[in-house]
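*Asks:* Residue-level listing of the chains:
There are 2 protein chains.
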Amino acid sequence: MKYYAGVDLGGTNTKIGICDAEGKIVSSSSIKTDSIRGVDDTLFRIWTEIQRQVLEQKIEKEDLQGIGIGIPGPVKNQSIVGFFANFPWEKNINLQEKMEKISGVTTKLDNDVNVIAQGEAIFGAARGHRSSITVALGTGIGGGIFIDGKLISGMTGAGGEVGHMKLVPDGKLCGCGQKGCFEAYASATGMIREALSRLYVNKQNALYDKFQGNYENLEAKDIFEAAAAGDIFSQEIVDYEAEYLAMGIGNLLNIINPEVIVLGGGIALAKEQILVPIQTKISKYALEITLENLEIKTGVLGNEAGILGAAALFIVS
Amino acid sequence: MKYYAGVDLGGTNTKIGICDAEGKIVSSSSIKTDSIRGVDDTLFRIWTEIQRQVLEQKIEKEDLQGIGIGIPGPVKNQSIVGFFANFPWEKNINLQEKMEKISGVTTKLDNDVNVIAQGEAIFGAARGHRSSITVALGTGIGGGIFIDGKLISGMTGAGGEVGHMKLVPDGKLCGCGQKGCFEAYASATGMIREALSRLYVNKQNALYDKFQGNYENLEAKDIFEAAAAGDIFSQEIVDYEAEYLAMGIGNLLNIINPEVIVLGGGIALAKEQILVPIQTKISKYALEITLENLEIKTGVLGNEAGILGAAALFIVS
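If you read the protein sequences in the order shown, they are chains A and B.
The UniProt record's numbering puts the last residue of the first sequence at 317; the count rises by one with no breaks.
The UniProt record's numbering puts the last residue of the second sequence at 317; the count rises by one with no breaks.
Everything labelled a hint here was simulated from the structure, so no lab data went into it.
Take the hints with a grain of salt, since some may be wrong.
Stretches of chain A that chain B covers, calculated by requiring three or more beta carbons in the stretch to come under 8 Å of a beta carbon on chain B [stated by the list, open to error]:
{"hint": "1", "segment": "140-153"}
{"hint": "2", "segment": "168-176"}
{"hint": "3", "segment": "296-304"}
Every residue gets a Cβ at the ideal spot worked out from N, C-alpha and C, and that includes glycine.
Go ahead and model the full structure; you've got the sequences and the hints to work with.
*Replies:* Here you go:
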C-alpha cells in the first residue's frame, strides 16, 4: 500500500496528515508553525511529526511515497516559493530541495489554494473530470486551475490568482492596492463591505435589528441567514454577491472552458442559496457553449482539503 | 525529412501549405472553400491539393506525417467541430475521422486562433517558451492559451475565447449579444466604435479633416496614423484602446501567469505605438509578480500563421 504525507503550512498552525492513494486520511495532527524559528527548524519539526505518524500507523518506511506541502504564497515548478505571506523567511527558497534533504522523501509543493484545487480534482467534487477550477471564497478570493492532471501554476507561481482579475474599470479598492478586483466584490470581505456601505444609509432591515449599528462581528453568514429568513435588504446583498460571482466565473468559463467549477471557502457554505442565483445569472456572462454540461458545485473536502490536496499532488488522475 | 500539411480553412478561401519540422513553408496555395458543396467535397479537394503539392515537391508519401487544420469555430479534443461559423455544415462533425479516412494521414484540428497561438508558440514570437497566450485583435478578439506544449482547448472547444471576458458590468453591447466584453472595447471594431461615438460630438480633429464626416472607410490604422502625426483626439482613442487592452491582458496574466503575451491581428500592426502604452498601463491591472520576466510582443508569423500553426499541431516543443 502506498501512502503520502500532506502538509498544510499555515501562519500559526501546520496540519500534517498521512493518506492513502484513495484519499483516505489514516492519521492527522497539527503542530505550531513557529516560523520565527526559521525554515529549517520548521521543516525538521514537520518531518519529525510525519515520522511519528508513520511509526504509529505501522506504515513501512518505503511505503511513504511522497510529501506534499501547501504553501501560503506563490510556488514555481512545485519547488520554489516566491515569498511566504507573513513568514519571516527569505524569498525564492527551494523548499522541495530542503525537505528532500531533511527527509529523503520525494517532495512537491504548491500554493495552498492550488493544492485545494488539486484535492477537489483528485479526491473531491471534481473527481473524474479532466478539467476544473476551484474558487475559494473567503477573506479574499483564491483559485486553482486543474487541466488534464496538472495545475496551472504559472511562470512565477501566480497561476490561478483569479481574485485579482479586474471586473470594473477603476472600481472598488482591493487589499492588493489595485482597483476593481473580483475579490473586492465577491469575497466574504467584499460582501461585508457592500453590506456596511448599504447599512450606513438603511436601518430598516434585519441586520440593523440584529446588530443595532455595531457591525464589528457581522459575517457573510449573518447576511445569508437574514436573507433566508425573508429580509429583502439582505437578499439584495446576496444578489449583488451572486451577480459578481457570476461575472467572475463567467470570465473563467470563457477563458478556460472547464468541465467543473468548484466553490470553496465561507461563501460556499451557503450552498444552494448562492449556487441557484449564480446559475440564473451566469448566462449573462458566459458564452452558451461553455455552459453545455458544465457543473457548478460546492467543494466537499472541507477542513481536510489542505492535507488531502497536498497529498494529491502525487496522484496522477 | 518529415513534413506536415497545414490547412487554414476559411469562409471563402482555404490556404494549404506544406512545411518542415523547422517551420519552413516549402509550398503553399489557396483554393476556394465552396462549403456549399458539402464537407466531404471540401475535404476531398483539400486532400487533392495536398497530394499535388507533395508530388510537386518530390516529397515521399510516407514523409507526410500529419495534416493540421485550423477551423473557424470551436473544436473539441482536436477532432470534433462544435459548429462552423458561416458554413452550411452540421454541428459536431468529427472532421479528424473524416479527413483521416479520405487521406490515410493522421489529422489534428483546432480553432483557428488556437492554431495561430500554437504557431507563434512553436515557430514564432513565443518560440522556446513554456507558456504563452496569443491574443488576436481584429474584427473581434480571439485567443489561444499554450502551456507546456499544449493548447487549452476546453471542454467544448471554447478555451481561449478571451474576447468575451467581461470587463465592464452591463457595459457596451457586443456582437455576441452580451454586454461589456473585452472585444466590444479593444478589438479593431471596438476602437472604431469608440472613435465614431467621439466623432459624433467633436469635429476639431484630424479624422474629421480626413473623412469629412463620412466614416464608412474609417479603420483602426487611420486612428493610429493620425495619432502618430500628433492629433490629440486620435491619441486619446489610442490611449482608450491601450487601457482596455492592459485591463484584459492583465486579467489573463493574473489567471494564467504565462511567460509571453503575443499580440496579433490588425491592432498589433501598430507595434510600439500600442505596445508602449500597454506596458505603461499594465501595472494597474496585473499583479506585480506576473510581470517579472514577462514579455509582451507582437506576432511574427503574419499571413503564414494559419498554415504554420496548423502544421505546428504536430510539433511537440
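*Asks:* Decide, hint by hint, whether the structure agrees.
*Replies:* Hint check:
no.: 1; hint: 140-153; result: holds (count 7)
no.: 2; hint: 168-176; result: holds (count 3)
no.: 3; hint: 296-304; result: violated (count 0)
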